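So the sequence lines, in the order shown, correspond to chains C and Z. Numbering-wise (this note's numbering), the first sequence opens with residue 2 and increments by one. Numbering-wise (this note's numbering), the second sequence opens with residue 236 and increments by one.
Just so you know, the hints here were simulated from the structure itself, not pulled from any lab data. If you're wondering where the values come from, they're calculated on a predicted model, not measured in any experiment. Glycine is no exception: its CB is placed at the ideal position from the N, C-alpha and C atoms. Hints should not be assumed to be uniformly reliable.
What the hints assert, rightly or not - Simulated coverage check for chain Z against chain C, where a stretch passes if three residues somewhere in it have a Cβ under 8 angstroms from a Cβ of chain C:
| no. | region |
| --- | --- |
| 1 | 318-327 |
| 2 | 362-374 |
| 3 | 469-483 |
Stated by the list, open to error - Here are some chain C residues pointing at chain Z (derived, C-beta under 10 angstroms):
| no. | residue |
| --- | --- |
| 4 | F65 |
| 5 | L109 |
| 6 | M112 |
| 7 | R122 |
| 8 | M130 |
| 9 | V133 |
| 10 | P154 |
| 11 | E155 |
| 12 | K156 |
| 13 | E167 |
| 14 | V193 |
| 15 | L231 |
| 16 | S238 |
| 17 | L275 |
Stated by the list, open to error - Per label pair, the in silico range of CB-to-CB distance:
| no. | chain 1 | residue 1 | chain 2 | residue 2 | range |
| --- | --- | --- | --- | --- | --- |
| 18 | Z | Y439 | C | F47 | 25 to 33 angstroms |
| 19 | Z | T474 | C | A159 | 22 to 30 angstroms |
| 20 | Z | W434 | C | A159 | 58 to 66 angstroms |
| 21 | C | V110 | Z | G298 | 44 to 52 angstroms |
| 22 | C | R43 | Z | T296 | 42 to 50 angstroms |
| 23 | C | G277 | Z | G493 | 48 to 56 angstroms |
| 24 | C | W203 | Z | A251 | 18 to 26 angstroms |
| 25 | Z | R419 | C | P44 | 20 to 28 angstroms |
| 26 | Z | G298 | C | A91 | 42 to 50 angstroms |
| 27 | C | R43 | Z | T335 | 40 to 48 angstroms |
| 28 | Z | A265 | C | G277 | 53 to 61 angstroms |
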Amino acid sequence: MSAGVSVTGPEVLSGPGGLPGATTAAGRHRKGLLYWRGRRLRPWRFAVLAVAGAYFLVPLWAAFRFSLAYNGTGWSLEAYVDLGSQQGFAPAIWLSAQLAIVATGLELVLMVPTAIYVHLRLPKVKRVMDFVTSLPIVVPPVVLILGVLAVAPEKLKATPFLLALEYVVLAVPLSWRALDAGVRALDVHTLVDASRSLGGGWAVTVLRVLLPNMRVAILSATVLTVALVLGEFTMASLDLQQTFPTWIYVYSQSNGHVSVAAAMLSLFVTWVVLVGVSALAGRRGGREIALV
Amino acid sequence: MARGHPSRGASGALAAKAWAPLAPFGAWMALFLGVPLVAVCIGAFENGSGAFTLANLRAATSGSYLRGFENSLELSLIEAVVPAIFGMLVAYAVHTSRGTFLRRMVVTTSGVFSQFGGLQLAFLFIAAIGGQTALVSNWLRDIGIHLYGNGITIYTFAGVALVYLYFQVPLMVLVILPAFEGLRASWREAAENLGARSWEYWRYVGVPVLMPSLLGSTLLLFGFSLSAYATAEALTSGTIALTSIQIGSFLNGNVIAGQENVGKALALGLVVIIAATMSVYVLLQRRATRWLR
Numbered sequence: 002m003s004a005g006v007s008v009t010g011p012e013v014l015s016g017p018g019g020l021p022g023a024t025t026a027a028g029r030h031r032k033g034l035l036y037w038r039g040r041r042l043r044p045w046r047f048a049v050l051a052v053a054g055a056y057f058l059v060p061l062w063a064a065f066r067f068s069l070a071y072n073g074t075g076w077s078l079e080a081y082v083d084l085g086s087q088q089g090f091a092p093a094i095w096l097s098a099q100l101a102i103v104a105t106g107l108e109l110v111l112m113v114p115t116a117i118y119v120h121l122r123l124p125k126v127k128r129v130m131d132f133v134t135s136l137p138i139v140v141p142p143v144v145l146i147l148g149v150l151a152v153a154p155e156k157l158k159a160t161p162f163l164l165a166l167e168y169v170v171l172a173v174p175l176s177w178r179a180l181d182a183g184v185r186a187l188d189v190h191t192l193v194d195a196s197r198s199l200g201g202g203w204a205v206t207v208l209r210v211l212l213p214n215m216r217v218a219i220l221s222a223t224v225l226t227v228a229l230v231l232g233e234f235t236m237a238s239l240d241l242q243q244t245f246p247t248w249i250y251v252y253s254q255s256n257g258h259v260s261v262a263a264a265m266l267s268l269f270v271t272w273v274v275l276v277g278v279s280a281l282a283g284r285r286g287g288r289e290i291a292l293v
Numbered sequence: 236m237a238r239g240h241p242s243r244g245a246s247g248a249l250a251a252k253a254w255a256p257l258a259p260f261g262a263w264m265a266l267f268l269g270v271p272l273v274a275v276c277i278g279a280f281e282n283g284s285g286a287f288t289l290a291n292l293r294a295a296t297s298g299s300y301l302r303g304f305e306n307s308l309e310l311s312l313i314e315a316v317v318p319a320i321f322g323m324l325v326a327y328a329v330h331t332s333r334g335t336f337l338r339r340m341v342v343t344t345s346g347v348f349s350q351f352g353g354l355q356l357a358f359l360f361i362a363a364i365g366g367q368t369a370l371v372s373n374w375l376r377d378i379g380i381h382l383y384g385n386g387i388t389i390y391t392f393a394g395v396a397l398v399y400l401y402f403q404v405p406l407m408v409l410v411i412l413p414a415f416e417g418l419r420a421s422w423r424e425a426a427e428n429l430g431a432r433s434w435e436y437w438r439y440v441g442v443p444v445l446m447p448s449l450l451g452s453t454l455l456l457f458g459f460s461l462s463a464y465a466t467a468e469a470l471t472s473g474t475i476a477l478t479s480i481q482i483g484s485f486l487n488g489n490v491i492a493g494q495e496n497v498g499k500a501l502a503l504g505l506v507v508i509i510a511a512t513m514s515v516y517v518l519l520q521r522r523a524t525r526w527l528r
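Only chain Z is shown next, with the shape it has when bound in the complex (with noise of 0.2 angstroms):
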């Protein structure tokens, strides 16, 4: 082989040695992220003796797993509504604060509450609302509401939501700040030196802006309450009818015979639900970052 004239099977060798640095990381996701989940894939099509089958899937949409479902959807929907609008609201105050304290803080402070604390948060609303005597239920008492009274609990699923807000909206505020900060003033002082009243400037310029912003966030909040598990876990003792909670319940031993793979069906159900929310949220993402440099 003349020498400067590496043939096809050196210069892939030269590529390999570039690559070979990043083998690591590469088979560390590979063997405890991309194993796992194909093993979630497969089993989800295979019976307890390992042939293919559609019960799992079968089992996995009727009774009360679609129910979970129902309810995993359902309570992600407010969840990524409710919040998106009062994240944005309270993430725009924040913005248009003069100074960087408030907003070290609130950025600091949203960080735990929606990155490291699922479990705690529940024991927050436990003690604050969690009894007929809690401090909250007492303040709610004196005037005049009677949470136990008509049957509402912290223990349902609209306590369950409740306390979901408490992690939610501070996720908002995180992802949809820089969107903001990506308003520039010049735009805003361009729009009223040609006339645009306020409404006119968010209108015609602030919101077209945002819009992908806005959306990819709400997209990315259903994700995350999708998958949610500590809260509710901790908040119902896996009561709640929620997918997250009965995938969990499959390893808690909860498991009749010949359904031991309906939870691998679960789990690829929830996971092709957020990997196409998430792909959204990419595509969408992309967009706004346009606007952003």
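The following block holds chain C by itself, in its conformation from the complex (with noise of 0.2 angstroms):
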């Protein structure tokens, strides 16, 4: 048997190639497999990733074009281009954005030391901690609202600040997971030490040792909690609240075009972000930013 005998192409050799080292029970399997560049070719590993990609890639694909059919004379990407001039939508993204500010730094601020005390002081705790912070996850936000109006005084009612403090609990289980990861990666205990015994304050050590070394932690907690208020629709269309998601279905009664593009474009932006927080990740040597 020798490479020359297959038939099936240049590049795609019947015969030895595959993994090093697993000679002896691993040559009875290898028979009638495919291989390139010396690799095991799994048919049904591109028929599933091709069937996936078509499934995720095809709807991206029919939106985008729809919203390129803006003003139906052709394609243009003016759907995209209007959309700042489009009724209601600076309102809609400046309330989003500002709900996205607050809630991120009320996040934070709740979290960040949350976060670094149970690790240096109450390491016991962190089970309980994994527990509660999954809370908002098993109650669904269509109840939590109902809940929230049920018992938010009058004045709250129907005011975005009520989802401010909402969109905290809701950040909750992304955020306590990056900056749990972020925590346990580093040598808390070393470093406290370290800076006390060479004088530093509390203040200092958390502003000057901790959270630098945490920063890739803090900015994913923050991107997933942006992502989050920005995504959001449930919550804010029941509190009545025109924030950017809810606009979205609002207009699309006016233009369905520009409903998409939107759509279309939140979701790219939001991608792009997440990538790059990712990458950065990444490259520092942590695990990837868990998201579930």
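Join these two chains into a complex; the hints should help.
Shown next, in the form of structure tokens:
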């Protein structure tokens, strides 16, 4: 049996290649398998990836095409260009941005000290924290907003303030995992002892030693929280706030092409930012950001 | 009180001091998650004037609301099993690929689809297949499938099920990839050196190790699908009879007098189902991590 027998193509060989070292038992299994550049080719792998690729890319492509047909005369990017001047777009984006800033700020102020403290002083509590921080996943947003509107004081109902407070809760599972991973990657005790023995007070230790070491974790938590706030629809619409996602929904009655363009744009921007952060996290040798 | 012998009260004060820095987080969760949840649970048993009643639960488990639960459970069953199988295959295909680029792209994209875009995804599908002249509808017509002639639209149960796959499959990929990464190459090599064929490896090593993760992930998908709201709301404008949509409609003002608290009974039912599902998920996950250390 030699490579020359292969008739399937110059690069597809049937024969040795594959895993070095696995010569005994594996030899039997190799028969009939295809190799490409010394690697086993598995047709099912390509089939699965092709089907998945088609299922996920076709709607994206179709939506993109649809958004290009904005003014009905051929293809143009006008739906994207005109987005900024659409009725209600600017206030909606501004409201979403404010919510993102406030919720992210509160989230970090709440979660960063908590994460550091739990790792430093109460490691036993970590399990409890893992449980408590996953509760917002268990409670459907529609149930949470129902309960919130039942108990909130009248002044807070149907205001963005209520949303900001609740978005902090919704972002807890994502931010806790990011920060938890970030602190765990540090040798907190050594860092703290070193800083303290060199005369650093607690403020100096946290601000100039721990936080700089947690840059990527804090960035991940920030990005995840912002992405969550910018994409959240359920609570915003039931709290009667016109944020960016609710605007997309409402505006689809006026012009579907614009709404689809806005939806595409928001997915794309989220994706780009997450790719950037995960590349950053990967380069720093940490694990990638945990999303679930 | 002698020094060096702190009384019970003093050690209690010490413990309280140790816990104090967790107070802001605990208070926030209690106030903005705990209190609303308790309000839902209590409200489910109250009539309009605040007296105890079981009428809400009875209403929530009959007629159109019972149908809502049935539809939600049926949808979630489909959205747990189908994406679990397909997502597992995709995850394995990604896991066996060389290099980290494909993996990183798949993980990030999965994150965007499953976590941050329920509403936006609905619009992708409306554009793709939402009308007779949409791109995919045209393609299907060209190969002889007349969706709209057969009364199948994206705005019905089948359509919602199709679109849910778009975030359920990525979610499965996200949660099951770490499990595949926990399968050590040495196990496979050991099996092969002992003469195991590929199917034997999977039958006696791979699948048993993965099983808790697989079952757990399926449950997670089930719960995720039950609590989803945005996609179905955007697709059907709130007309589909799913429990989450029905709960939302109580806030949208479509309430019959005397039924104000039926929404809370529905919410209670939903939370109970999801909590039960998630408890089993946590147990299975704990079992699964034995192998993934």
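Item to complete: Mind checking the CB of V133 (chain C) against every CB in chain Z and telling me if the closest is under 10 angstroms?
Response: Since chain Z brings a Cβ to about 6 angstroms from V133 (chain C), closer than 10 angstroms, the hint holds.
Worksheet item: Do the Cβ positions of G298 (chain Z) and A91 (chain C) conform to the proposed distance bound of 42 to 50 angstroms?
Response: The hinted range 42 to 50 angstroms holds for G298 (chain Z) and A91 (chain C), with Cβ atoms some 44 angstroms apart.
Worksheet item: Once the shortest beta carbon distance from P154 (chain C) to chain Z is found, is it less than 10 angstroms?
Response: 12 angstroms, violated
Worksheet item: Should the hint that A265 (chain Z) and G277 (chain C) are 53 to 61 angstroms apart at their CB atoms be regarded as holding?
Response: 36 angstroms, violated
Worksheet item: Under the criterion of a CB-CB separation shorter than 10 angstroms, is L231 (chain C) in contact with chain Z as hinted?
Response: With Cβ-Cβ at 7 angstroms, under 10 angstroms, it holds.
Worksheet item: Has the hinted range 48 to 56 angstroms been met by the Cβ atoms of G277 (chain C) and G493 (chain Z)?
Response: 53 angstroms, holds
Worksheet item: Does 58 to 66 angstroms hold as the CB distance between W434 (chain Z) and A159 (chain C), or does it fail?
Response: 59 angstroms, holds
Fill in: CB-CB spacing for G298 (chain Z) and V110 (chain C) relative to the 44 to 52 angstroms hint
Roughly 47 angstroms apart at Cβ, these two residues keep to the hinted range, so it holds.
Discussion item. Just to be careful: measuring from the Cβ of L275 (chain C) to every Cβ in chain Z, is the smallest value less than 10 angstroms?
Written reply: 5 angstroms, holds
Practice prompt. Check the following: the C-beta atoms of T474 (chain Z) and A159 (chain C) are separated by a distance inside 22 to 30 angstroms.
Written response: 24 angstroms, holds
Item to complete: Hint says 20 to 28 angstroms; check whether the CB-CB distance for R419 (chain Z) and P44 (chain C) agrees.
Response: 26 angstroms, holds
Worksheet entry | Cβ separation of R43 (chain C) and T335 (chain Z), checked against the hinted range 40 to 48 angstroms | At roughly 19 angstroms between Cβ atoms, T335 (chain Z) and R43 (chain C) fall outside 40 to 48 angstroms, so the hint is violated.
Consistency with the previously given hints fails for numbers 5, 10, 11, 12, 14, 27 and 28, ordered from lowest to highest.
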